[in-house]
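Q: Use the sequences and the hints to build the structure in full.
Just so you know, the sequences run in chain order A and B.
Sequential numbering of the first sequence, starting at 1, is according to the working numbering.
Sequential numbering of the second sequence, starting at 1001, is according to the working numbering.
Treat each hint with caution, since some may be false.
To be verified - Here are the simulated distance ranges between beta carbons: (1) A:22 with B:1005: 32 to 42 Å; (2) B:1083 with A:27: 27 to 37 Å; (3) A:41 with B:1110: 13 to 23 Å.
Just so you know, the hints here were simulated from the structure itself, not pulled from any lab data.
All values reported here derive from a predicted model rather than from experimental measurement.
Here a beta-carbon is modelled for each residue, glycine too, at the ideal position from N, C-alpha and C.
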Amino acid sequence: DGGITQSPKYLFRKEGQNVTLSCEQNLNHDAMYWYRQDPGQGLRLIYYSQIVNDFQKGDIAEGYSVSREKKESFPLTVTSAQKNPTAFYLCASTFDWPAGAYNEQFFGPGTRLTVL
Amino acid sequence: AQSVTQLDSQVPVFEEAPVELRCNYSSSVSVYLFWYVQYPNQGLQLLLKYLSGSTLVKGINGFEAEFNKSQTSFHLRKPSVHISDTAEYFCAVSVRSASKIIFGSGTRLSIRP
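A: Put into structure tokens, the structure is as follows:
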């Protein structure tokens, strides 16, 4: 079955640690996205990538980093510079090029990160 | 720049009653509009989308939405809700030149038996 997988489902981090959240898709989508979800704030875009080896900052990129070495993978690292990382993180993908604005975004099941 | 506002953070409704979830957007150019649903502890799933053409859009699970350009609205409706509709609903907007979409803050729909 085609889809997006995220792992782990739950992640606990000690202060000062970097952690990496995994996102893999087998939909052959060009574009991938990372969102952060906090109660009452909807989804906020962290980073997105429209093509392999290229990515752009979203609205809240500080304290996060990403890579896009393969089309199907878009891991997110939450660094120690992110002061309030406890949140639900969602990965999404979509057909993008040549006109991606009207394409449906497919979402993974999410990773809940808690800082201890 | 585009923006989207969901006017109600929570909407309680009795089972089998009708429901309307409100969404207003702001944009200086033509928009694409979406409604997504998120069940507890899951990712989002597309309910319906408006790209062009007929202003009444039908989606999955009996939901529909109407695009109103003059009022810059895209309200979601269902004539009779079920317990299984309990979820959070997100309105989203995009434009032709964009490579990302903007999500509203969400409306939590709670169904009372």
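Q: For every hint, state whether the structure bears it out.
A: Here is what the structure says about each hint:
1. Between residue 22 of chain A and residue 1005 of chain B the CB atoms are about 34 Å apart, so this pair conforms to the stated range of 32 to 42 Å.
2. Our hint of 27 to 37 Å for residue 1083 of chain B and residue 27 of chain A holds, since their Cβ atoms are close to 31 Å apart.
3. The beta-carbon spacing between residue 41 of chain A and residue 1110 of chain B, approximately 19 Å, falls within the hinted interval of 13 to 23 Å.
Checked against the numbered hints above, the structure violates none of them.
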